[in-house]
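Participant: Numbering of the sequence shown is given in our numbering, commencing with residue 1 and proceeding in unit increments.
Just so you know, the hints here were simulated from the structure itself, not pulled from any lab data. Worth double-checking, as some hints may not be accurate.
[Stated by the list, open to error] Computed beta-carbon distance windows for the label pairs:
| id | residue 1 | residue 2 | range |
| --- | --- | --- | --- |
| 1 | Ser220 | Val27 | 30 to 38 Å |
| 2 | Asn205 | Gln77 | 12 to 20 Å |
| 3 | Asp44 | Glu104 | 34 to 42 Å |
| 4 | Val61 | Leu203 | 37 to 45 Å |
| 5 | Pro170 | Leu22 | 26 to 34 Å |
| 6 | Lys103 | Ala37 | 36 to 44 Å |
| 7 | Glu55 | Ser141 | 22 to 30 Å |
| 8 | Asp167 | Lys41 | 41 to 49 Å |
| 9 | Ala146 | Leu215 | 21 to 29 Å |
| 10 | Thr173 | Ala60 | 43 to 51 Å |
| 11 | Ala37 | Glu175 | 34 to 42 Å |
| 12 | Pro174 | Ala33 | 20 to 28 Å |
[Unchecked claim] For lysine to aspartate or glutamate, the following EDC-like pairs were computed, each having C-alpha atoms within a straight-line distance of at most 16 Å:
| id | residue 1 | residue 2 |
| --- | --- | --- |
| 13 | Lys59 | Glu104 |
| 14 | Lys109 | Glu96 |
| 15 | Lys149 | Glu186 |
| 16 | Lys109 | Asp4 |
| 17 | Lys92 | Asp66 |
| 18 | Lys109 | Asp131 |
| 19 | Lys92 | Glu120 |
| 20 | Lys92 | Asp73 |
| 21 | Lys92 | Glu17 |
| 22 | Lys109 | Asp66 |
| 23 | Lys103 | Asp66 |
| 24 | Lys103 | Glu127 |
| 25 | Lys92 | Asp44 |
| 26 | Lys92 | Glu63 |
| 27 | Lys149 | Glu104 |
| 28 | Lys103 | Glu120 |
| 29 | Lys154 | Glu179 |
| 30 | Lys109 | Asp155 |
| 31 | Lys109 | Glu127 |
| 32 | Lys103 | Asp73 |
| 33 | Lys103 | Asp44 |
| 34 | Lys59 | Asp107 |
| 35 | Lys109 | Asp73 |
| 36 | Lys149 | Asp167 |
| 37 | Lys154 | Glu175 |
Ideal placement from N, C-alpha and C gives every residue a C-beta, glycine not left out.
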Amino acid sequence: ASTDRAIIGLFGGNLFEVGQFLYRNDVFMMLLAGEPAHAHKFLDRLTEIHMANLERFLKAVGEHIDIILFGDDLGMQTGPMMSPAMYCQFFKPRHELLWSRAKELADVKVMLHCCGGVRELLPHLIEAGVDAINPVQISCSGMDAAELKAEFGKDITFWGGGCDTRDILPNGTPEQVAEHTRRQVEILRPGGGFVFQQVHNILANVPAENVTVMLDAVNS
């Protein structure tokens, strides 16, 4: 039956982050820049593993889920961790393989959890087949919600960006939290393509009242 709810299957399928974990962040970045043949060989094998696991995963749960969640944190506070050219050289073709295969195997939308400032990469992520981006880290460089909505709102769903969790939610007054949340919703909601979520997790230092106020403000 038709419903306004969706079931998400958390898959992962990280490419860049697995390289960071296995090689160490700085070593992997030097590998991408200085030894591209080695990097491609590693990423090809990693993609093969992810593709095999994707088959198993969607065989088991594909008929039960609406969205499959992939992950790859490609940004930092000041912008992407790599140039668009490097993303297109190493990661875009492999993301496209994974995401298109997911849609072949099941009737699902693809969401990418991708922290940081990734505005410059969004056109390429969209071309690779992502349907929704999370967490829309609005405190990062280039991640102004109004600009993102105007530039990409017709092509991607923003799953997040509803309330800043770096400064506003933990440190703001209830009034500031409510005003900020209402403003974010006013920016991102028009025309659809928006699922409310605060930016990333609610941590232990967030006052409970601020959480309640944030949720109340969504539909106020």
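Participant: For every hint, state whether the structure bears it out.
Facilitator: To see whether the hints hold, each was checked on the structure:
no.	hint	in the structure
1	Ser220 x Val27: 30 to 38 Å	violated, 49 Å
2	Asn205 x Gln77: 12 to 20 Å	holds, 19 Å
3	Asp44 x Glu104: 34 to 42 Å	violated, 20 Å
4	Val61 x Leu203: 37 to 45 Å	violated, 29 Å
5	Pro170 x Leu22: 26 to 34 Å	holds, 33 Å
6	Lys103 x Ala37: 36 to 44 Å	violated, 30 Å
7	Glu55 x Ser141: 22 to 30 Å	violated, 38 Å
8	Asp167 x Lys41: 41 to 49 Å	holds, 42 Å
9	Ala146 x Leu215: 21 to 29 Å	holds, 22 Å
10	Thr173 x Ala60: 43 to 51 Å	holds, 46 Å
11	Ala37 x Glu175: 34 to 42 Å	violated, 57 Å
12	Pro174 x Ala33: 20 to 28 Å	violated, 47 Å
13	Lys59 x Glu104	holds, 12 Å
14	Lys109 x Glu96	holds, 13 Å
15	Lys149 x Glu186	holds, 11 Å
16	Lys109 x Asp4	holds, 15 Å
17	Lys92 x Asp66	violated, 23 Å
18	Lys109 x Asp131	holds, 6 Å
19	Lys92 x Glu120	holds, 13 Å
20	Lys92 x Asp73	holds, 14 Å
21	Lys92 x Glu17	holds, 14 Å
22	Lys109 x Asp66	holds, 6 Å
23	Lys103 x Asp66	holds, 11 Å
24	Lys103 x Glu127	holds, 14 Å
25	Lys92 x Asp44	holds, 12 Å
26	Lys92 x Glu63	violated, 27 Å
27	Lys149 x Glu104	violated, 29 Å
28	Lys103 x Glu120	violated, 25 Å
29	Lys154 x Glu179	violated, 26 Å
30	Lys109 x Asp155	holds, 13 Å
31	Lys109 x Glu127	holds, 14 Å
32	Lys103 x Asp73	violated, 22 Å
33	Lys103 x Asp44	violated, 20 Å
34	Lys59 x Asp107	holds, 12 Å
35	Lys109 x Asp73	violated, 19 Å
36	Lys149 x Asp167	violated, 22 Å
37	Lys154 x Glu175	violated, 32 Å
Hint compliance for this structure: hints 1, 3, 4, 6, 7, 11, 12, 17, 26, 27, 28, 29, 32, 33, 35, 36, 37 are not met, and every other hint is.
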